[in-house]
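Engineer: Protein chains in written order, with the working numbering: chain A, 1 to 395; chain B, 1 to 395.
Just so you know, the hints here were simulated from the structure itself, not pulled from any lab data.
Think of the CB as a built atom: it goes at the ideal place given N, C-alpha and C, for glycine as much as any other residue.
All clues given are correct.
Chain A side only, calculated, beta carbon under 10 Å to chain B, not exhaustive:
(1) V59
(2) F64
(3) A95
(4) Y101
(5) L184
(6) P189
(7) Y195
(8) W224
(9) I241
(10) H245
Here are the chains, one letter per residue:
2 protein chains.
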Amino acid sequence: MASVTAVPSSANAPSLKGSGDDVSTSNGMEDSIHSFKVADLVIELSQTHKAKPDLTNLVFGTVFSDHMLTIEWTNAGGWQKPHIKPFGNLSLHPACSAMHYAVQLFEGMKAYRGTDDKVRLFRPMLNMNRMAKSAERACLPAFDRAELVECIRRLVQVDREWVPQSDSASLYIRPTFLGTERSLGVKKPSHALLYVILSPVGSFFSTGAKPVSLWADSKYIRAWRGGTGDCKMGGNYGASIYAQHEAVDYGCQQVLWQYGDDHQITEVGSMNMFLFWNNENGEEELATPPLDGLILPGITRQSILELTRKWGEFKVCERYLTMADLRCALKEGRVKEMFGSGTACVVSPVGRILYQGENLHIPCQEDFPQLASRLRKELTDIQYGRTQSDWSVLV
Amino acid sequence: MASVTAVPSSANAPSLKGSGDDVSTSNGMEDSIHSFKVADLVIELSQTHKAKPDLTNLVFGTVFSDHMLTIEWTNAGGWQKPHIKPFGNLSLHPACSAMHYAVQLFEGMKAYRGTDDKVRLFRPMLNMNRMAKSAERACLPAFDRAELVECIRRLVQVDREWVPQSDSASLYIRPTFLGTERSLGVKKPSHALLYVILSPVGSFFSTGAKPVSLWADSKYIRAWRGGTGDCKMGGNYGASIYAQHEAVDYGCQQVLWQYGDDHQITEVGSMNMFLFWNNENGEEELATPPLDGLILPGITRQSILELTRKWGEFKVCERYLTMADLRCALKEGRVKEMFGSGTACVVSPVGRILYQGENLHIPCQEDFPQLASRLRKELTDIQYGRTQSDWSVLV
Numbered sequence: 001m002a003s004v005t006a007v008p009s010s011a012n013a014p015s016l017k018g019s020g021d022d023v024s025t026s027n028g029m030e031d032s033i034h035s036f037k038v039a040d041l042v043i044e045l046s047q048t049h050k051a052k053p054d055l056t057n058l059v060f061g062t063v064f065s066d067h068m069l070t071i072e073w074t075n076a077g078g079w080q081k082p083h084i085k086p087f088g089n090l091s092l093h094p095a096c097s098a099m100h101y102a103v104q105l106f107e108g109m110k111a112y113r114g115t116d117d118k119v120r121l122f123r124p125m126l127n128m129n130r131m132a133k134s135a136e137r138a139c140l141p142a143f144d145r146a147e148l149v150e151c152i153r154r155l156v157q158v159d160r161e162w163v164p165q166s167d168s169a170s171l172y173i174r175p176t177f178l179g180t181e182r183s184l185g186v187k188k189p190s191h192a193l194l195y196v197i198l199s200p201v202g203s204f205f206s207t208g209a210k211p212v213s214l215w216a217d218s219k220y221i222r223a224w225r226g227g228t229g230d231c232k233m234g235g236n237y238g239a240s241i242y243a244q245h246e247a248v249d250y251g252c253q254q255v256l257w258q259y260g261d262d263h264q265i266t267e268v269g270s271m272n273m274f275l276f277w278n279n280e281n282g283e284e285e286l287a288t289p290p291l292d293g294l295i296l297p298g299i300t301r302q303s304i305l306e307l308t309r310k311w312g313e314f315k316v317c318e319r320y321l322t323m324a325d326l327r328c329a330l331k332e333g334r335v336k337e338m339f340g341s342g343t344a345c346v347v348s349p350v351g352r353i354l355y356q357g358e359n360l361h362i363p364c365q366e367d368f369p370q371l372a373s374r375l376r377k378e379l380t381d382i383q384y385g386r387t388q389s390d391w392s393v394l395v
Numbered sequence: 001m002a003s004v005t006a007v008p009s010s011a012n013a014p015s016l017k018g019s020g021d022d023v024s025t026s027n028g029m030e031d032s033i034h035s036f037k038v039a040d041l042v043i044e045l046s047q048t049h050k051a052k053p054d055l056t057n058l059v060f061g062t063v064f065s066d067h068m069l070t071i072e073w074t075n076a077g078g079w080q081k082p083h084i085k086p087f088g089n090l091s092l093h094p095a096c097s098a099m100h101y102a103v104q105l106f107e108g109m110k111a112y113r114g115t116d117d118k119v120r121l122f123r124p125m126l127n128m129n130r131m132a133k134s135a136e137r138a139c140l141p142a143f144d145r146a147e148l149v150e151c152i153r154r155l156v157q158v159d160r161e162w163v164p165q166s167d168s169a170s171l172y173i174r175p176t177f178l179g180t181e182r183s184l185g186v187k188k189p190s191h192a193l194l195y196v197i198l199s200p201v202g203s204f205f206s207t208g209a210k211p212v213s214l215w216a217d218s219k220y221i222r223a224w225r226g227g228t229g230d231c232k233m234g235g236n237y238g239a240s241i242y243a244q245h246e247a248v249d250y251g252c253q254q255v256l257w258q259y260g261d262d263h264q265i266t267e268v269g270s271m272n273m274f275l276f277w278n279n280e281n282g283e284e285e286l287a288t289p290p291l292d293g294l295i296l297p298g299i300t301r302q303s304i305l306e307l308t309r310k311w312g313e314f315k316v317c318e319r320y321l322t323m324a325d326l327r328c329a330l331k332e333g334r335v336k337e338m339f340g341s342g343t344a345c346v347v348s349p350v351g352r353i354l355y356q357g358e359n360l361h362i363p364c365q366e367d368f369p370q371l372a373s374r375l376r377k378e379l380t381d382i383q384y385g386r387t388q389s390d391w392s393v394l395v
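So here's chain A without its partners, still in its complex pose (with noise of 0.2 Å):
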C-alpha cells in the first residue's frame, strides 16, 4: 500500500525568485488561466524503491526513478489536482487523441546535482515558455507555467536520490502532454494529460564527448513553413527515424536537416547548429540559423547567443548558412569549429558531414575544439553550480 499525503499549500509557495528568466507572461493572459496549482499537490509514495543504475554504460533514457507527476485536465472540469504517484503505466482508452493523431508534445530538462550536494533546474520557465507555445499549437489547454515549475521541483525533491553524485550525469526530466480525446473524430481534445517522468542519464552520444559525424541529405525534410517544426511536437521526431536510419546507413551518427533548394542547414533533431567561423567579410563570427518557425528554440541555444554575446569576443549572429556556404568556407580555410547544442547533449562539436557523397572534415583540436570546450564550460558550471548564476534554479 502507498502512502497518500495531502501537502499543506504553505509548504508549496513559489520560489522561483532568482531566476533570470521570465516567470510573468508576456501578454499578461496567465492570471486569467484556471490552472493547476502547486498547492493542491497530492502526494503518494512509492513503498518500493528501485536500485539506482550503473551510470557508466547507461543508455539514454532507459532508467526511470521511483516516482511521476500527473495532471489531468477535461473541458468539463478543467485542470484537475496535480498528483505525485508512483511511477507506473498509464491506462488510456484506445481511441485516445495523442495515439491516433498525434496530439501530444514534450520537454527536456534536467537536474544537476553540484558537488556542493544542491539540486538545481537550468532555466526550466524557458522550458515551461516553449511548452505553453507547442500547448497552443497542439490545441491543448493553457496551464500557470510557474505552478508547473513548482510542481516539477516538488517531484525532484520526491525523487532526489535519484539526481547522480557526478559532473557528467544528471537526472533528465520529461514533461509530456497528451490530448486523451476518447473519440475518432480529428479535434481539439475535450481530456487530456500532463505528466512528467525522470531518467538518470550520462552522455547523451554513446560515443560519448567525441566529435559526432552528420549526413546532409535533402531527401527527407525534417519541418517546413505553415508546419510545425518551432514546437515540440511529437510527429517531428517519429517521421525523422526513417531517415536517422538511412544516416547510420551512410555512417553517420545523425541527420543534419537541410531546407529549400539553397540546402539551408537547419538543426539535427536533437541539436542546434553552430558554426564559428570567419564570415564573407572576413568577419570572426558564431552563427546559427535564426529562428524562422523550421527550427527547435533551444534553451542551450539562447544560452550560448546570451554566453557569447555577453562575451564580446566575435560577432555573434542568427543568420541562413548554406551547406555551398560551408564548403567554401572549408575550402578557403576558414571553419575554425562547428558543434550542436541541446539539454540532452549539452555542446556537442561536429567532425564530419557527408553531403553530395563528399565527406566534409570539420577542423577538430583534440577531439573538442576550443570555443565548444569553453562553452561547455561555462554551462556545466552554471548547471552544477560551481558558477553563481540566476538562470540555476535551486530544488
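Put chain B on the given structure of chain A with help from the hints.
Structural biologist: Showing chain B alone in chain A's frame:
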C-alpha cells in the same frame, strides 16, 4: 469472468479469393515476413454487452463495440498471437514512443450490412497495402497483410451485431499501430502494438450530405516533399487541428490544404479532392491531384478513378490544379462540380471555398451534384452489396 477460446486454424483459412485487389506482394517479400497468423487467434469474449446507439444523431467515432483486436510485437520475440478481447483501456509505459515521438499510424475502413443481411468489407487489401507502407515509414515492423484482413474479419464477425442495419450507416474499423518502446531515445521501437477498434457510424459531417465549405489558405501547410503526407501517420493530423479551428472561425467546415507558391490544391485531410470541369483545352475532365508524396492515396479516390475510367465518358486525369485554375474556370463557367472523397464521407460535394477573402461558389444542383451523386450511388451499391463486385469481401 471472460471465456478464453483458442480457435483452431482450420476454421480460419484466409478467404480473400474473389477480391480484385492485390493480395500478393509487389516484391515477393511477404513470405519471408515472420508475421502473426489468424490461425493463432485467441478469442476472449466479453461477458457484458453495451447497448447499441441510436445512429440518427450520433457523433462520428464516439461509440465503440464490445471487442477489440490486439497484436503485440517485440524485437526479441517477434509477433505474438493475435487476441480478440473485450474492448478496454490500454496499459502503456509512460515513455511509450507513440506518445513522445508519434511513432504511430492508423487506417480507416468500414463494414457494411446489405439488405441481404450479409456484411461486407470494401477493398480491405488496399488499406492493408497503405498500412504496410505507413509502417515502413514509421519504422514499425512488417506484417502479413492478408493475415491482418483475416483477423479483422474475425473481429467483425464477433461484433457482427454492431454493423448497423441501415444503408446510410456502417461499422467504422480503425486499425492502429503504435511504437511502444519503453525508453526515451528517438529510435526504431523494440516493442509495438497493433490493435483494431470498431465504431458504428452514421453520416461523417454533422451537416449530413449537404455540400461542405472549405477554407483555402497557405498559412498552414499539411505536408511537404520529403515528409510523410502520403502515409497515414498521426503527425499529419494533430498538426491540422489548429488550422481547422481557424477554418471554423472563418465560417468554413474544413481546411483545403494548399502547396507551393502557385497554391496547388492538395487535399482536405479527411478527403481527397476532385474537380469535374471543362479544362483549359475545352475537354470535359474529372481531375484530381496526383500522388506526388504530399497526398494521402485514398481508397475511395482510387475507386473513383477506376470507375470513371471504365465508364470512358470523359477524360479522367491525375494532374496539378491551382487555385488560379479553379478561380479562372469558375469565372468562365467551366466548373461543373467539385467534391471530396474518403472512407468516412464516401463522396461529399463542395459548395464554397473561401480563398483570399473571396467566397468561390461551386455549382451544386439541388445540393447533390450529378456526378458526385452517381459516384456515391455506384460506390455504396457495391459497399452494401446491391451490385456484385470483386471489390467486396464478405465477412
